[in-house]
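Asker: Each chain, letter by letter, is given below.
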Amino acid sequence: MHDDDIAVTMNVNGERRRARVEARLTLADFLREECALTGTHLGCEHGVCGACTVLLDGDAVRSCLVFAVQAEGARVTTVEGLGGPDGALSPVQDALRAEHGLQCGFCTPGFVVSITALLAENPNPNDQEVREALSGNICRCTGYQGIVKAVQRAVSS
Amino acid sequence: MSGLHSAAGRFVGQSVLRREDARLLTGHGSYVDDIVLPGMLHVAFVRSDIARGRITRVDVEAARALDGVHAVLTSDDLNPRVESVQMQPTMLASMPGAPLRPLANGDVRFVGEPIVLVVADSRYIAEDACDLVEVDIEQLPAVVDFERAADDTHNLVHAELGSNVAQDMAPPVHPDLERVLQDAPNVVTATFHQQRQTNVPMEPRGVIAAYEPSDGALQVWMSTQNPHEVRLACARVAGVPEQLVRVIGRDVGGGFGQKFFTGREELTVVLAARVLGRALKWIEDRRENLIASNHARLDRGTATFAVENDGALLGVFLDHLEDCGAFPVGGTGATGGFVGILFPGPYRVPLAGFHTRAVWTNTCGRAAYRGPWMFETVAREQMMDVAARAVGIDPLDFRRRNVVQAGELPYTSAFGMTLDTVTPAETLEQAAAIIGYDEFRVEQRRAFETDGRLSGIGIGLYVEPTSMGMMDPLSTDAALVRVQPTGKVSVHLGTGSHGQSIETTMAQVVAEELGIDFDDVVVVQGDTEPTPFGRGTGGSGTAVIAGGACRAASAEVRAKALDIAAHLMEASPADLELADGRIAVRGTPSRFIAWAEVARAAHLDSAKLPPGMQSGLEATATFKAPPITWSNACHICTVEVERATGIVRVLRYVVSEDCGVMINPMVVEGQIAGGVVQGIGGALYEHLVYDSDGNPLTATFLDYLVPTATEVPVIEYGHVETPSATPGGHKGMGEGGAIGSPPCVFNAVADALALVGATVTRTPLGPTAVLGALASSYTPAP
Amino acid sequence: MKPATFRYHAPATLTDALTLLSEYGDDAKVLAGGQSLVPILAMRLSRFDHLVDVNRVDGLAGITRENGHLVVRAGTRQRALERDESVAAHVPLLARAAPLIAHFQIRNRGTVGGSLAHADPASELPAVALALGAEFDIASERGTRRADAATFFESLWTTTLEPDELLVGARFPVWSGRSGFGIREVARRHGDFAIAGAACALAADDDGRLARAAIALFGVASTPWRAADAEAALTGAIATDVDAMEVAAAAVRGLDPTDDVHASGAARLAIAQHVVSLALSDALAEVRDAR
Ligand SMILES: Cc1cc2nc3c(=O)[nH]c(=O)nc-3n(C[C@H](O)[C@H](O)[C@H](O)COP(=O)(O)OP(=O)(O)OC[C@H]3O[C@@H](n4cnc5c(N)ncnc54)[C@H](O)[C@@H]3O)c2cc1C
Ligand code: FES
Ligand code: FES
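Protein chains in written order, with numbering that gives the first Met the number 0: chain A, 0 to 156; chain B, 0 to 781; chain C, 0 to 290.
Hints were generated in silico from the structure; no laboratory data involved.
Some hints could be false.
Said to hold, decoys possible - Under the rule of at most 20 Å between Cα atoms (straight-line distance), these lysine to aspartate or glutamate pairs were calculated in the DMTMM-like manner:
id	chain 1	residue 1	chain 2	residue 2
1	A	K148	A	E131
2	C	K28	C	E153
3	B	K487	B	D396
4	A	K148	B	E715
5	B	K623	B	D471
6	C	K28	A	D3
It should be emphasised that the depicted structure is a prediction, and the values quoted were computed from it without experimental measurement.
If we strip away everything but chain A, and leave its shape as in the complex, we get:
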């Protein structure tokens, strides 16, 4: 704790979170360390891999490129906040499971959030739109086959 720590309050997955943090703490590290929401993963910390994607006031953003203090007053949704409270899977999560859209699972939270955001804005994307929307998330395991199919499945369900 430093003197110049800054108080920050935000709503994370429906819960109010307050903390005093260093200005340089990224939102990703805030979520992981202060909120113990470790579903948000860090795959690059420079904005390319998408593993850290969360919803900030409804928009999908890289949480590694936002400082926690910038989310003051914001509504943040992480992968933990997308399924049902009883552990039920969201339609996107369920589709990823049904289509084997994950293997090691490290990239998965980022894909879940990005796909959720995509479908909220465009409930009926065509193949090109799906692939372009997914292109901001890197997966090294699946070759994207199951992920692309999962989006199509989530669309038709």
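Following the hints, complete the assembly by docking chains B and C with the ligands onto the known chain A.
Answerer: The following block gives chains B and C with the ligands in isolation, referenced to the frame of chain A:
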């Protein structure tokens, strides 16, 4: 293909959805960075920014003085406690290797080499402290170009080894081979370069080490493919007796070989934790991962084929050179012996020879990457196309003439490797039929002649030696199958699943063997404490070896269960069968006893057991794999090359494969897809570049280009299921996708470029390479 | 990969922002979308004692029309360019450029002003601004000034912005009448910075004679680059007579792009020529169709 498959069992052969998924999809996985221990401190490394040089000064005073910094360790603090050999993988400790060391000591040997280890309250502060460490290095000329390294006797990467040559293998060449390579009607030679790449697991490496001085116990969480090997290595390096070391790696975010052995940084952190008596966490960042974890694939090969006029291969020779970097993970890191021996592949090659050399360079060390010796397939399959073109035969036909046919099996290669239960000819035909090879050829011509469009088709055909039983301890796995009093079952494995779905597939195998429900079986793995010693997860070995152990242990459990049931039912064990959670008299299904009842008796009611039988219902069994279980596949893809930009698009991609009996076809296809896309990356995008001073130029994900969803085609699958001789009939397959794909894509691009007489010999085939080839080609009128 | 410490300021008004910038000068850096700045900080490629976060500055975001111009305030997210109907209607080139920038998650955060101020030579928006002849409104405690896109971009990641200055908005002229636009690029992967790209804007008189022509290339020099010779050749030509390939060849004459890990200079040049021909063809087709 998905859904049911023909020869399916109740569980084995079914695309059962994965056990692992629910927690991973909801953000409840448990990767190493998710673990928080009380009082845990964070590590960052000061790394060399010079490829080769003498360290003249290390000043850590300012760093030590920084608030929140607990320790700043240099080589003096750590290196004297370990010898190089202790840091080598257990199985390779007796083999020649680079002089490994925890921290650079006296000199630096590649950019990224760790020099100082900082321990602080947070990673943020640890990095602040790194900035305050002053290191002076007197720069020396670096050995960067691996093609010139062997000849450099002045600048040595490892002065103590006396040479930059790490390995040189040249089995005697048969005089007949020498003759055909001179006198054959066609002697074709070409040299191929494969570029430096790296595994890029999405989760970089990471470790938490906690040493408790009061009881001498060392607990380690690590992102690893191989917990039991990590335990051995940590015990050696930290000097803690093995029984007091526990290694846990629950969820692992990919590895592809990078996490099979224990990395230098991980061991250094473990050692530091032992020295400091504190819990330490080190999470590698992406920059570190790209410059200092491990590199792979940097090979050059000159292939010479002697070919009869009818296309028959008379003899082949490969001259191979590979770059091991400075500190390869695992012995020399060299794979050349395998590359040479496997070079003839699935073809009828009467005479074969090779020469392979590996060299040290002042670059990041080499390590296994999905199919570590896959350059044999790269060089051979690319050469098949070159040779086919040279003798005027279509590449598909050329392969047809030379591929080993079913009737020739078992077929023993010139190097004495015996192929059995493989189907290269069948997968070649299946893949060609699925993609419509002949139709594509017609369309390719038409598109070229009418619009000047360049499209091409490429083939990658290979046999893959999997589940190798000739190399201990990779040969053997153990499984503990434990039946609880309620009849529920846990399967304990020494594996380190990192995407392979082991919690699902091995539960399928045991449920099938015990005739109980899939949901009643749980797999415990990724932890040395509750599991028997195992070989780890890699080398395409799980289905055959861990699967074999699961079957063996299940068989023992089943035998005991049948004995109990037979006793209770007054029947003969031989007349009983296990299915659907019941043990019933064969032919009289109404006479049965529930599995759970037997389990209850075994644990809680010894009076019901046959005379002399002890309580309990569990078994640990090991399974040693046969020397090699071959699997095989044929990849065929089509591409379009844009003449104006040199951009390559993969249009269609077909994999026809034979991995024997599939435990879970969905998982098989998923493994193939991941490997194929890594291979597309290798053929077209991924390239770790050093400048001539040994500075890495591709240290971010904006520069090291991993394919995304927009760069990959839909992958189409064909399956040929020829059971292997192993229990269950499985064959390994995890690596294959990444083996067949690079030459397949390369060949397709080369095929397209051949329309205008352009040639390529190096990957990646990005715009620079493709436009360069087009610019220096002649363009015949369509 | 964690940023070094800095003091964080989140002014709510333009005045406060300018006061902070004036006070800290070289030691301060404006933080907008953070999509370029934060990676630089995380990799510790540079560090600043003060970050002035302009995301909360009142009135710094938004898109309005103002006599013949579309004014895009600096804090406007790049994503808004894709969604805002007035952008598509009045400055279609901007609307078409936006989806070429990175990925939607980055555009959700990245700002128009940030892209212009960061001045990456491979960025789309600086080239669009250059092609259309945009002007930039710049403020500091010393006052306000208006800069021309033509002189604003000085060299790699460098503009005429002084440390105490804030880019407040960009004024994109609305090319009305019979006009056509095109923007094309080639990147290694979708969403990557372009190997080379070209933005083209054309305006014709009623006879189809090109009255104005602008071609700006990106990714090929240390700043976005205006193909003046090609523009001169186009001006006065009849749209239907233009040979796009020929103009494209003229457009890249004199360029000498450097090698990097993604493309050699020669490859970059060839690709630049190609994308000019495509962008120009798109624009020409639009001019022809806009009767
Ligand atoms: C993976 C990835 C891919 C990308 N691909 C592309 C691409 O293809 N094309 C592209 O154009 N961009 C790309 N970008 C960059 C992205 O568009 C950035 O958003 C943009 O360059 C900077 O905008 P920003 O608002 O994020 O600015 P910041 O990152 O906050 O700031 C960037 C710089 O501009 C200065 N600055 C910002 N606003 C102002 C202002 N109002 N006045 C004065 N100075 C200011 C800052 O001080 C800083 O120096 C990519 C980024 C990433 C992470
Ligand atoms: S960790 Fe944020 S984009 Fe990779
Ligand atoms: S599932 Fe492993 S990186 Fe995507």
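Asker: Next, verify each hint and record whether it holds.
Answerer: Now for the hints, and whether the structure bears them out:
no., hint, result
1, A:K148 x A:E131, "holds (14 Å)"
2, C:K28 x C:E153, "holds (18 Å)"
3, B:K487 x B:D396, "violated (55 Å)"
4, A:K148 x B:E715, "holds (13 Å)"
5, B:K623 x B:D471, "holds (9 Å)"
6, C:K28 x A:D3, "holds (18 Å)"
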